[in-house]
Amino acid sequence: MRDTSKLPRNDVQNGRKVQDMQKNEPSLPDLTDYDLSRYIACHECDLLIHLPERLDVYTQVCCPRCSAKQFTVRKSPIDKTLAYALTALVLLSIAVSFPFLRIEASGIENSISLVQSPLTLFNEGYGMIATIVMLCVIALPAAYLLCLLLLLIPLFRGKSARASLVYAKLIDGMLPWIMVDVFVIGVLVALIKLIETADIILGTAFWAYIAFAAVFIGINTIVSKRQLWFWVVNAGKANAN
Amino acid sequence: MQTKARETSTKFAKMAKFVSAAQLGLSSCTRCLSLTPVSEQHCRLCGKRTHLRNKHSIQRTLALVFTAMLFYIPANIYPIMSTTLLGQEIPSTIMGGVLLFLEHESYFIAIVIFTASIFIPIAKMMIILWLCHMVRKQEGMKIHQMAVMYQITEFIGKWSMVDVFVVAILVALVQITGIMAIHPGLAAQAFATVVILTMLAAQQFDIRLIWDNIAQNKDSQPAQVDIPKTPNTVSNQESHLANHRKE
Ligand SMILES: [Zn+2]
Ligand SMILES: [Zn+2]
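The listed protein sequences correspond, in order, to chains A and B.
Mapping the first sequence onto my numbering, position 182 (from 1) lands on 189, and the numbers just tick up by one.
Mapping the second sequence onto my numbering, position 164 (from 1) lands on 343, and the numbers just tick up by one.
Don't take every hint at face value.
Said to hold, decoys possible - Below, in silico cross-link-like pairs of lysine to any residue (SDA-like), each with a Cα-Cα straight-line distance of 25 Å or less: (1) Lys176/A with Ile375/B; (2) Lys337/B with Pro183/A; (3) Lys232/A with Pro258/B; (4) Lys337/B with Ile160/A; (5) Lys337/B with Gly132/A; (6) Lys337/B with Lys244/A; (7) Lys321/B with Ala150/A; (8) Lys176/A with Glu219/B; (9) Lys176/A with Lys321/B; (10) Lys76/A with Lys166/A; (11) Lys176/A with Ile358/B; (12) Lys337/B with Gly180/A; (13) Lys76/A with Glu219/B; (14) Lys227/B with Ile237/B; (15) Lys176/A with Ser104/A.
Bear in mind the hints are in silico, worked out from the structure with no lab data behind them.
The model shown is predicted, which means the values in this text are computed figures rather than measured ones.
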């Protein structure tokens, strides 16, 4: 019989109902001593799901109650992610260093680079928006890719990766604030707005950034939350050996 | 260890149709999704404090949404940017921009801006308020509808930032001395704040709360939930592992 009184009170603030349930069903087994690595809890509905010993490649595991997608078993995800991340970093560095857009009206022209946008905003006294653009569009994606490389290269080479936990925490924290795809749509809308009033010339950096966004979305589909932390578990195992 | 786990799983099948991790006192980490007994205080994998459900989830979500609503007022009153054309300054608000494009019969951009800057933020705040209300009321919950609504709010969250990025690009690009220049307006900052606050609100809301409620009320209102017949045990594992051979 499970003794619910052992649970610290402050841990079940919102889980009051959960505690009641435990009282109603006292014969549920205590899992504390069991190997939890074969179980996952659905991130949407908290259903406990037991995984079989072996999962075939390309198997997609879905929650049996709310049908939320849990994860997909992929073939060599580390190799693919490394290749994509390197490509994305190269594309991003091109996008930062070459001219992004050029505008021409009545013989006067203005050419900007990608970093120019946050700089101009900063000079106009809009530091907050400058920071948002700088972080969400350039800095965080670059940091994300670097962390991903630092996390995966040791795993790829089969070496121990002691700092993997730090990188995974950083990656997980950065992900919601990366808005590469949103920025691409923003640029397109801005261009449509201007197309009638002035001539716009698309620079090298423009195409590089669009390609970068496409590769980045590819990385995001592979590196799901579960995939990321699965790598951390693997890195931990490598350290133990 | 394996046989022990197997025994446990067969026990599950006899106990209840669906067992949530929280019912067994297991905390599913919000950061790394791994399971840790809640009595252990810190996540076994990433070290985050263990909670069965996000602490004060509803209160925090509501606080963030109400703050976002406050910021949404200046975001609509003040101009989001102003265009200086041949020495004449024309300020434009979010709604003004939409109307301008409608006048010019650029329906596509009008729809894009209206959706990203007006429809999505309002819909998002309304949905989050509705979800909080339903979880508090604890009855008559349409679980699947609520789950879908939550997924929508989580997905569209960052897309409202489009308008801020449009302003950012225009301000940098349109600086043609003597002819045309665009400057940012106060509303851009207020609007960016709204987007960030609603994103934080959606993150704070714990969607698992709505499923706890059906587990509790399963005898009183069984018809409302479409529960598949398969229990989540080892013996029926194949049925919920949909094999998708893609390549
Ligand atoms: Zn689920
Ligand atoms: Zn954790």
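How the hints compare with the structure:
1. Lys176/A with Ile375/B: 20 Å, holds
2. Lys337/B with Pro183/A: 8 Å, holds
3. Lys232/A with Pro258/B: 39 Å, violated
4. Lys337/B with Ile160/A: Distance of about 30 Å is beyond 25 Å: violated.
5. Lys337/B with Gly132/A: 24 Å, holds
6. Lys337/B with Lys244/A: Cα-Cα ~36 Å, so violated.
7. Lys321/B with Ala150/A: 41 Å, violated
8. Lys176/A with Glu219/B: 20 Å, holds
9. Lys176/A with Lys321/B: At roughly 35 Å apart (the allowed maximum being 25 Å), Lys321/B and Lys176/A break the hint.
10. Lys76/A with Lys166/A: 31 Å, violated
11. Lys176/A with Ile358/B: 49 Å, violated
12. Lys337/B with Gly180/A: 15 Å, holds
13. Lys76/A with Glu219/B: 28 Å, violated
14. Lys227/B with Ile237/B: 20 Å, holds
15. Lys176/A with Ser104/A: 29 Å, violated
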